[in-house]
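Q: Quick mapping for you: the protein sequence lines, in order, are chains C and Z. Residue numbers 1 to 468, in the working numbering, belong to the letters of the first sequence in order. Residue numbers 469 to 722, in the working numbering, belong to the letters of the second sequence in order.
None of these hints come from the bench; they were simulated from the model. Careful: at least some of the hints might be erroneous.
[Claimed, not checked] Computed cross-link-like contacts, DMTMM-like style, restricted to lysine to aspartate or glutamate with a CA-CA straight-line distance of at most 25 Å:
1) Z:588 to Z:495
2) C:440 to Z:506
3) C:365 to C:114
4) C:450 to Z:485
5) C:445 to Z:495
6) C:440 to Z:485
7) C:445 to Z:506
8) C:450 to Z:506
[Said to hold, decoys possible] Some chain Z residues close to chain C (C-beta under 7 Å, calculated; not the full set):
9) 607
10) 618
11) 620
12) 655
13) 698
Beta carbons are placed, not taken as given, at the ideal position from N, Cα and C, and that holds for glycine.
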Amino acid sequence: MTASFDARARATLPSRGELAQHDAAVWDLRRRRDAAAAEVPDWEALRERAAALKAFSLDHLDELLVGFEQRARGAGAHVHWATDATALCRIVTELLAARGARHVVKSKSMLTEECGLNPHLAARGIEVVDTDLGERIVQLAGEAPSHLIVPAIHKTRREIGALFHRQMGTPEGEDDPERLTRHARSDLRRRFLAADAGITGANFAVADTGSIVIVTNEGNADLGSSLPPLHIACLGIEKLVPTLADLPVFLRLLARSATGQPISAYTSVLTGPRSGGELHIVLVDNGRSELLADPTHRSALACIRCGACLNTCPVYRRAGGHAYGTVIPGPIGSVLGPALGGKQGAELPHASTLCGSCSAVCPVKIDLHGQLLAWRGERRRPTRGERLLTGAAAIALRWPALRGGARALLRPLWPLLASRHPRNPAEPWLTVRELPPLPKQSFRKQWQAKRAASKPTVRPARSERSEP
Amino acid sequence: MNVSLFVPCYVDQLAPDVAWATLRVLERAGCQVHYDPDQGCCGQPFLNRGATREARRLASRHLKRFAASDAIVAPSASCVATVRHRFAALCTGAGEEALAQTSRTYELGEFLVRVLERTKLGARFPYRVAVLQSCHGLRELGLGTPSEHVGASASQSPTDQLLGAVEDLTLVPADRPDECCGFGGAFSVTHPTLSGRMGLARLRAFADAGAEYVTGTDVSCLLHLDGIRRREGFGPRAIHLAEILANGAVGGAE
Numbered sequence: 001m002t003a004s005f006d007a008r009a010r011a012t013l014p015s016r017g018e019l020a021q022h023d024a025a026v027w028d029l030r031r032r033r034d035a036a037a038a039e040v041p042d043w044e045a046l047r048e049r050a051a052a053l054k055a056f057s058l059d060h061l062d063e064l065l066v067g068f069e070q071r072a073r074g075a076g077a078h079v080h081w082a083t084d085a086t087a088l089c090r091i092v093t094e095l096l097a098a099r100g101a102r103h104v105v106k107s108k109s110m111l112t113e114e115c116g117l118n119p120h121l122a123a124r125g126i127e128v129v130d131t132d133l134g135e136r137i138v139q140l141a142g143e144a145p146s147h148l149i150v151p152a153i154h155k156t157r158r159e160i161g162a163l164f165h166r167q168m169g170t171p172e173g174e175d176d177p178e179r180l181t182r183h184a185r186s187d188l189r190r191r192f193l194a195a196d197a198g199i200t201g202a203n204f205a206v207a208d209t210g211s212i213v214i215v216t217n218e219g220n221a222d223l224g225s226s227l228p229p230l231h232i233a234c235l236g237i238e239k240l241v242p243t244l245a246d247l248p249v250f251l252r253l254l255a256r257s258a259t260g261q262p263i264s265a266y267t268s269v270l271t272g273p274r275s276g277g278e279l280h281i282v283l284v285d286n287g288r289s290e291l292l293a294d295p296t297h298r299s300a301l302a303c304i305r306c307g308a309c310l311n312t313c314p315v316y317r318r319a320g321g322h323a324y325g326t327v328i329p330g331p332i333g334s335v336l337g338p339a340l341g342g343k344q345g346a347e348l349p350h351a352s353t354l355c356g357s358c359s360a361v362c363p364v365k366i367d368l369h370g371q372l373l374a375w376r377g378e379r380r381r382p383t384r385g386e387r388l389l390t391g392a393a394a395i396a397l398r399w400p401a402l403r404g405g406a407r408a409l410l411r412p413l414w415p416l417l418a419s420r421h422p423r424n425p426a427e428p429w430l431t432v433r434e435l436p437p438l439p440k441q442s443f444r445k446q447w448q449a450k451r452a453a454s455k456p457t458v459r460p461a462r463s464e465r466s467e468p
Numbered sequence: 469m470n471v472s473l474f475v476p477c478y479v480d481q482l483a484p485d486v487a488w489a490t491l492r493v494l495e496r497a498g499c500q501v502h503y504d505p506d507q508g509c510c511g512q513p514f515l516n517r518g519a520t521r522e523a524r525r526l527a528s529r530h531l532k533r534f535a536a537s538d539a540i541v542a543p544s545a546s547c548v549a550t551v552r553h554r555f556a557a558l559c560t561g562a563g564e565e566a567l568a569q570t571s572r573t574y575e576l577g578e579f580l581v582r583v584l585e586r587t588k589l590g591a592r593f594p595y596r597v598a599v600l601q602s603c604h605g606l607r608e609l610g611l612g613t614p615s616e617h618v619g620a621s622a623s624q625s626p627t628d629q630l631l632g633a634v635e636d637l638t639l640v641p642a643d644r645p646d647e648c649c650g651f652g653g654a655f656s657v658t659h660p661t662l663s664g665r666m667g668l669a670r671l672r673a674f675a676d677a678g679a680e681y682v683t684g685t686d687v688s689c690l691l692h693l694d695g696i697r698r699r700e701g702f703g704p705r706a707i708h709l710a711e712i713l714a715n716g717a718v719g720g721a722e
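The task is simple: from the sequences and hints, build the whole structure.
A: This is the structure:
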């Protein structure tokens with residue numbers, strides 16, 4: 001019955017030291033978010049406003065998308081529609097091939113991770129360099145990002161130093177973050193200047209101006225979209241907001257929720273291509289329309305990928321992002337996972353205690369833990385053992401006499417259940433804690449005995465009946 | 469006031485003392501307490517595991533058992549949260565009248581402080597006590613203000629208010645006051661590593677705060693934490709809020 005997620009968490013953060021470091025680093029982001037949000041006079045009203053805007057946008061997504069396409073074309077951009085990951089990969093490959101582009105610089109985009117664009121291009125001999133520092137680190141290490149905002153948060157500075165030494169020839173033993181960053185920066189600068197094309201994601205797309213909005217802290221998307229002659233922006237269809245005037249609502253929430261910054265270092269609103277350049281915008285569905293049609297789960301499309309739910313999640317902090325096995329980890333990843341497919345679909349919604357902190361921090365007020373609970377019901381795949389146990393327990397809990405009988409049978413076995421043995425059914429409980437002692441009698445039995453023995457101090461309930 | 473005692477299934481089986489303490493505290497607060505020995509389970513463990521059909525059956529039965537009650541009080545915030553917030557969606561055919569009782573279902577501390585407006589119940593507990601916040605109590609029942617809440621304090625914690633009025637009790641604040649303890653129902657056995665990591669972190673925080681006891685509104689979280697304490701051999705003992713409130717008061721605790 002033990003979930004493979006639990007085993008993956010053990011593998012992802014195996015030692016107490018790694019666990020403590022990951023938890024502390026991620027919790028620090030949560031604390032920064034708390035402090036930054038407190039500076040906004042009416043944070044809760046801002047969340048309400050953002051949630052309402054997102055709900056409106058999702059309700060009118062068809063009109064917004066058509067409007068966006070028109071205006072983006074009007075501004076000189078090319079707009080492409082990709083129904084799924086395969087279509088996105090094909091469109092991008094064709095665009096690059098038509099211009100003979102071999103060297104691509106890329107800024108952070110969870111969508112292209114979702115669609116497997118990097119390996120697709122690499123297999124066709126196109127060199128793709130991730131230019132977000134965290135993304136670059138995981139790319140050099142041959143790993144997947146473990147966090148939405150801080151992709152390499154699972155790595156220590158020592159590991160990064162050793163990685164840079166091997167891959168970029170930095171001095172051995174160098175693990176000073178600032179000096180390592182300088183090395184990465186000069187290496188990337190060279191690649192920016194030599195690139196044939198830049199691929200970026202986008203945080204928002206504005207319907208009434210046809211603009212895309214890219215938010216970064218490193219300015220890498222700005223270089224990638226303005227230095228090479230070709231810029232390809234890949235974004236999910238849910239990124240649409242109605243007007244440019246709506247943007248500040250999200251910008252005020254995004255950076256504060258993500259890293260505790262009042263605003264990200266670079267916020268670029270791109271309307272049409274740079275002069276002399278080409279801009280191609282690829283709007284990707286990849287399961288989003290289907291999610292939009294699902295009344296229970298459509299609100300998950302409101303996500304602005306701030307990562308606040310990861311930072312506050314006590315499970316994410318102690319499991320590490322890689323334990324999720326999905327592109328997007330954490331509560332939002334477990335909510336999107338079942339919808340966007342993948343083997344983890346049925347399992348991930350159970351990787352939560354439903355503590356509800358995710359829903360409470362979400363800047364667009366997605367009821368994340370409610371969604372996890374709903375998925376559990378919709379994607380239930382119990383083992384035979386669990387089905388039997390569930391059925392038996394549900395019956396016993398309706399029939400008190402049966403419960404009493406079961407308890408009488410169990411009582412002499414309790415010491416056995418409390419001792420560790422691989423075949424003990426209580427073993428999953430016992431791996432980390434002791435079994436509580438079993439009291440002689442249940443409260444019900446004690447109460448009945450007391451009532452029979454003396455004049456009742458407790459009145460029987462008025463509705464006392466014996467049938468269930 | 470007439471009160472129906474709602475003894476969650478696992479409290480009935482594993483912590484009868486907590487049910488007795490709840491009953492005594494309610495009586496001391498002047499309530500006439502009724503107990504229906506044929507009550508079962510609200511369905512929460514099934515609902516949280518995705519076994520909706522079984523959960524619905526148990527929830528409907530629960531609604532019937534407590535139909536005639538003026539107020540229903542349980543020593544468990546998470547069971548109360550299930551009744552109050554999940555029953556309407558679960559028992560769609562139950563009708564408004566039957567569902568009305570869900571808003572009359574209270575966690576013990578919530579009932580004492582917010583309905584009866586009592587905090588001082590004459591209890592004495594001369595120890596240093598830390599509070600284990602129940603996530604469902606905090607975020608679904610609004611028993612306090614979660615640490616991630618921004619702006620003016622949303623609500624006071626009845627648990628803190630009650631403990632503050634207990635004679636000789638010292639409340640000790642712990643680091644990350646409302647971090648989840650990692651129990652999470654079935655999560656505790658399906659994800660033992662994570663559950664253990666989370667529980668151990670809480671236990672350490674309470675121990676570092678110098679607590680001799682850790683208390684809370686939910687027996688489930690407390691049993692989990694106490695199991696870790698017994699395994700690891702350090703940290704404060706777990707005791708339910710009702711047991712502290714029933715301690716050393718006029719009439720005496722058993």
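Q: Which of the stated hints cannot be reconciled with the structure, identified by number in ascending sequence?
A: Of the numbered hints given earlier, the structure breaks just one, which is hint 11.
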